[in-house]
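Asker: The lines below spell out each chain.
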Amino acid sequence: MSEEKKDDGLISVFIDGQEVRTKPGTNIIEVAASVGKEIPHYCYHPKLSVSGNCRMCLIELGMPGRDRATGEPILNEDGSPKIMFFPGPAIGCGTNAAPNMHVKTDSDMVKECREGVTEFLLANHPLDCPICDQAGECRLQEFSTSHGAGYSRFVEQKNVKPKRTRLGPRVMLDDERCILCSRCIRFCQEVADDDVLGFTDRGSYSTLTCFPGKQLENNYSLNTVDICPVGALTSTDFRFKMRVWFLKHVKSIDFETSVGCNTDVWAREGKIYRITPRRNDEVNDTWMPDSGRELYKLVDGENRLPHCKAGEANVSASDALAKAVELLKGEGVAIVGSGRCSVEEQYALKAIAETTKAVGVYLVGRYGDDDGILVSRDRNANVRGALMTGLINSLPEESLSDLGAKIDSGEVKVVLSVKEDLVAAGLSKDQIAKVKLVSFDTQRYASTDLAGVVIAGLTPFERSGTVINQQFRIQKFHKAVPGPAGAVDDLVALATVQANLSEESFPSTVASVWKQLGESGPFEGLSFKSIPDEGVLLDGSAFGALPFAEGKSLHFEPKQEAVAAE
Amino acid sequence: MAHPKENRILLKHADEDYYSTDIDCYLKYGGYESLKKALTMKPEDIRLEVKASGLRGRGGAGFPCGVKWHDLVDRKSGKPIYLICNADESEPGTFKDRQLIHKDPHQLIEGTIISSFANDVKLAFIYIREEMPLGAKILQKAVDEAHEKGFLGKDILGSGYELEIVIHRGAGAYICGEETGLIESLEGKRAYPRIKPPFFPAAKGVYQCPTVVNNVETLCNVVHIVRMGGEDFGKIGRPNNTGTRIWCVSGMVQNPGYYEIEPITMKELLYDVCGGPLPGRKLKAVVPGGGSMKILDVDETYKDRDGKEFGFDDIIVDYDGIMAAGSMSGSSGMMVMDDSIDILEALGNILAFYAHESCGQCTPCREGSLWTKKITSRMCTGGAREEDLDLLLDLGKNIGGRTVCPMGYSTTWPIESYVGKFREEMEAKVKSNTCGMADFDERLIEK
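Chains as they are written, first to last, in my numbering: chain A, 1 to 566; chain B, 567 to 1013.
Think of the hints as simulated: they come from the structure by calculation, not from any bench. Incorrect hints may appear among the rest.
What the hints assert, rightly or not - Think about it this way: if two alpha-carbon atoms lie no more than 30 Å apart in a straight line, the pair counts; the simulated DSBU-like pairs of lysine-lysine are: (1) B:K874 / B:K848; (2) B:K833 / B:K874; (3) B:K755 / A:K47; (4) A:K47 / B:K645; (5) A:K163 / B:K617; (6) A:K158 / B:K578; (7) B:K617 / B:K848; (8) B:K645 / A:K37.
No experiment lies behind these values; they were computed from the predicted model shown.
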């Protein structure tokens, strides 16, 4: 209790005798974790309310003793304050840090409590780990090993409960595995704002269920699977597909909207099996929408472009790029970029626009409804990247009618389109037929078939880079799986085109692009390596006047002007 | 009819032929006079009277009522204060509140109004258990009558004080007797007890507002405290155990029933008042305060604080007297067992109840109560093993004190005391495998 530290607003808490400075009221589980002491828990979740029902986090709690009559501190023989521990255990999750609080996380009583709770949880648990998807990342499995007795005294009949209850289109419930921690119920109430789950029956026969006539079908339902500490809730998509210990996870970003949820992409041998949220307390907490978890299916989707094309013929990437350069050397080039490209690709595209003296640079806007949580109105992940690299300087519109007019007037003769379906964006097939189209695509769109050259590119799961979300937070995503053999990395392709057009070298890797980006301008001082996993907030004040589409979401407040403009 | 050793205050008229539940009858015998007196007093003064009376809660924990009212209820937050009468009387062996509700409902209504006035409450609830449909009907009628006479509603008796009483019926769960479980249930949620801290009802009760929760008998006593004055009320009984208590004696005595007494000895209660054991039988054990309390062996000797030894017969039947014998007076449901009782079976019976009534919120009670029940059921049906008794004790130890609410002890205490005090008998039965009688009630085994 060093007196000189008093005015920093922090208090001293003692975890197994070790002093920790923390904010008053911090949850003791978090305080202990900050010094590497794990207090095991099931029902506690840092982003949900405390329910205190699993009793796994029982700890011993003590405060410096005070004489009841005089109020004087009681001291040990050596003059240190005598710590009076409560006779019974207390739950860690329900305990908030108070000045000079003492916590024992590994005393005999605490160990005994954990062993007792573990034994109770396993009493009616089916122990079907060999066929359980959760095995390998199951808290019950882990804590049974670390805190359990290692044998069972339970010789009675186990309770029998339903093994396959469909809670919703994406979530399956195994009732026998459920430890009734209520995380999923609290998630639906508190985060997803869709109160559909509850318990029925009583005691050990309690059963998780959907309210009559309802099902768990909101766009956040799969988060219940993530936070389920056991294998009770499983994803119908991932169920029985792969043992989790075979999977490697790579940090990525959800490309659906401008929220930029942080994700982990789980893959084995070049195949993606699932996408889960990655904690970022400034962006998505520990959640992500269900819709973003299915994006990996595009990798092997039926419309995936496996080869580059010149006209009807499949060609190698280098031939396709040579053809593209040839077309782009012509007059009247217009560029249709994408809000789904990375900052690096937009930077290269901007260079191409300058070299070709483009008569128009466009982005295709995509807008949908926002849900106030983690799906924003702007369905492009990186419009702000296009703004900050200078590729565009106004917000994109959904229709390319301006480009259409320029094609009709003959001003535009060549179009370079990156990852966009020009037909869907409002150009007619006749208009497209009037120009020479160079198309960088991963999927086969209506306009892909009309292109003179098609460069087969990579999905976000197959390349690395950065995107800038609605908060002007630049975040990294990484390659999880290799792309198809006939495809070429978009940044490499764009850099090759630019180098050939300008006859000067152009960086073709993310790191080398960042050498240039970091030299000056809005990204000054940054490098790909130096951007932390949780991202860096950039100064977006230069764009403050733009009427951004996003409404309020989890960790985002739109600027006042933007709201007023609506 | 009252036994001569009784001192009937709350039940003064209850069993008399002349008495009915009508408000006119209640008024005829001095009803609502305490309310009239209370309304001339300051709320704070009533709280101080109750504090001075030493009245302890009759629900189970025996917490001083006046302290709860005067010192604990949060009056600084500016939030409305609510009062809840806990009429979810469901502890095994307890049936006193039912008598008070069925036979003298206006006494409870009057007590509730006075207590509400004393605590600045404008909305009070009487949470009555689902299994008392008649009681709910009687109370509703009483509330309606009180309304008609101007004891409830706006401007009660011209005092400017305003109060409504809502009769709320539970849905049939023991756990609703736990005050925070009751509050959750009253709010329309599943009756899961809240974690304390932070949800002490006096600060954060129903609708997150300060709430006074009191037992039926406690509130009824308030009528008489106001009538007599706190100091005079405090002279009834003995210090720290003031007033009378209604004891519900059930089981193997000649005259089971409810008796309103001042503290007397166990011998006086069981032999003089209740008529002693059935012919040819001998008393064996008594559960003094409702099913969850520790059992008392009649052959035991106890030591008080000063080290003085005393026997079962000398236990004084009140809060401190039973506490001195190592158990608790709880909800004053006294269950008497004689030598015809198989103690293991009795344990199995009580554990079956708590397994059935465990709300299922927290792990130790949810899993532990059913597990212990499964063990005793097996033991009672011929499958006893020598290690079972120690297993029961160990499981019991892992439940009590580690749960959200005190109900964990409802499994722990019976196990500890039944096995602890009757271990020899149980071991003998285990060895001979004659636990349980052939007609062990199969209905107790949950399917």
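Asker: Against this structure, judge whether each hint is valid.
Answerer: Here is how each hint holds up against the structure:
{"no.": "1", "hint": "B:K874 / B:K848", "in the structure": "holds (26 Å)"}
{"no.": "2", "hint": "B:K833 / B:K874", "in the structure": "holds (18 Å)"}
{"no.": "3", "hint": "B:K755 / A:K47", "in the structure": "holds (22 Å)"}
{"no.": "4", "hint": "A:K47 / B:K645", "in the structure": "holds (28 Å)"}
{"no.": "5", "hint": "A:K163 / B:K617", "in the structure": "violated (56 Å)"}
{"no.": "6", "hint": "A:K158 / B:K578", "in the structure": "violated (52 Å)"}
{"no.": "7", "hint": "B:K617 / B:K848", "in the structure": "violated (42 Å)"}
{"no.": "8", "hint": "B:K645 / A:K37", "in the structure": "violated (40 Å)"}
Consistency note: the structure conflicts with the earlier hints numbered 5, 6, 7, 8.
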